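Generate the whole structure from the sequences, applying the supplied hints.
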Amino acid sequence: MALNQRKWLPLLLSALLALSFIPAFAQTEAAEQEAEQVNLFAQLPLTYLDGTPFDASVFEGMPIFLNIWATRCSPCVTEMPILNELAQEYKDRIAIVGLHAESLTVSEEGELVNDEEKIALAIEMREKMNLTYALLNPERTLFILMNNPSMACRSRRCPPPGWWMGKAMCARLS
Numbered sequence: 001m002a003l004n005q006r007k008w009l010p011l012l013l014s015a016l017l018a019l020s021f022i023p024a025f026a027q028t029e030a031a032e033q034e035a036e037q038v039n040l041f042a043q044l045p046l047t048y049l050d051g052t053p054f055d056a057s058v059f060e061g062m063p064i065f066l067n068i069w070a071t072r073c074s075p076c077v078t079e080m081p082i083l084n085e086l087a088q089e090y091k092d093r094i095a096i097v098g099l100h101a102e103s104l105t106v107s108e109e110g111e112l113v114n115d116e117e118k119i120a121l122a123i124e125m126r127e128k129m130n131l132t133y134a135l136l137n138p139e140r141t142l143f144i145l146m147n148n149p150s151m152a153c154r155s156r157r158c159p160p161p162g163w164w165m166g167k168a169m170c171a172r173l174s
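For the sequence shown, counting from 1, position 66 maps to 66 in the working numbering; every step adds exactly one.
Honestly, I wouldn't trust all of these hints.
Cut-off 30 Å, straight-line C-alpha distance, at most; resulting in silico cross-link-like pairs (DSSO-like, lysine-lysine) [claimed, not checked]: (1) K91 to K128; (2) K128 to K118; (3) K118 to K91.
Ranges of calculated distance between the beta carbons of each label pair, as one might list FRET restraints [stated by the list, open to error]: (4) E108 to S57: 22 to 28 Å; (5) P53 to E127: 33 to 39 Å; (6) R93 to E124: 29 to 35 Å; (7) V106 to I64: 25 to 31 Å; (8) E85 to S57: 23 to 29 Å; (9) R72 to E111: 21 to 27 Å; (10) E109 to P81: 36 to 42 Å; (11) I68 to V106: 17 to 23 Å; (12) E117 to S57: 27 to 33 Å; (13) E109 to S74: 28 to 34 Å; (14) P63 to G110: 35 to 41 Å; (15) V58 to N130: 20 to 26 Å.
Honestly, the hints are just simulated from the structure, not real lab data.
Treat the numbers as computed from the prediction; the structure is a model and nothing was measured.
All C-beta atoms in this analysis are idealised placements derived from N, C-alpha and C, irrespective of residue type, glycine included.
Printed below as a string of structure tokens:
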């Protein structure tokens, strides 16, 4: 019996030692994958609503909460003050950005052009609501949006649309 213990003890210790290195290899692999990831958002050609170029590299190393919105979308407008609060609360950990989906239109010549009326309406709304997070225009990207299902909760005790998703995403990303 003592002979069997002497035989298996080194083998058991070797196996335990080998298993202890697995987390170190997994952390190294995760770090390498994170280093290889490219910030695609920083490569988008974007401007603020007033046409000023937007430098998305300020968000390097920070998760980005991208909210695609439109002035004609009631749930979008309802959630903007909530996103503004979340942007202030999580400003050091998450970048919250609103991307105006109505900024571009197709001209008669088939080219993408800014829709100045809709941009002016969006600027007016931003000022009225006193929003501080970045509201941007896509410069060369046309977003085609499907109808968003509205929030199923309708009682007065429910938070406004957008709150659950925004709070959950901010908590998860921070």
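Hint check results:
1. Among the hinted pairs, K91 with K128 is consistent with the structure: their alpha-carbon atoms are about 22 Å apart, no more than 30 Å.
2. For a cut-off of 30 Å, the pair hint linking K128 to K118 stands: about 15 Å separates their Cα positions.
3. The hinted pair formed by K118 and K91 meets the criterion: a straight-line CA distance of about 28 Å does not exceed 30 Å.
4. In this structure the supplied range 22 to 28 Å is violated for E108 paired with S57, their Cβ-Cβ distance being about 36 Å.
5. About 20 Å separates the C-beta atoms of P53 and E127, a value inconsistent with the hinted range of 33 to 39 Å.
6. In this structure the hint that R93 and E124 lie 29 to 35 Å apart at CB holds, the actual value being about 30 Å.
7. One distance hint, 25 to 31 Å for the beta-carbon pair V106 and I64, holds here, with the actual separation near 27 Å.
8. Taking 23 to 29 Å as the suggested C-beta distance range, the pair E85 and S57 conforms, at roughly 26 Å.
9. As the Cβ distance of R72 to E111 is approximately 23 Å, the hint placing it in 21 to 27 Å holds.
10. At roughly 39 Å, the beta carbons of E109 and P81 sit within the given window of 36 to 42 Å.
11. Take I68 and V106: their Cβ atoms lie about 18 Å apart, and the range 17 to 23 Å holds.
12. Our hint of 27 to 33 Å for E117 and S57 holds, since their Cβ atoms are close to 31 Å apart.
13. Between E109 and S74 the Cβ separation comes to about 33 Å, which falls inside the hinted range of 28 to 34 Å.
14. For P63 and G110, the hinted distance range of 35 to 41 Å is satisfied, since their beta carbons lie about 36 Å from each other.
15. In this structure the supplied range 20 to 26 Å holds for V58 paired with N130, their Cβ-Cβ distance being about 22 Å.
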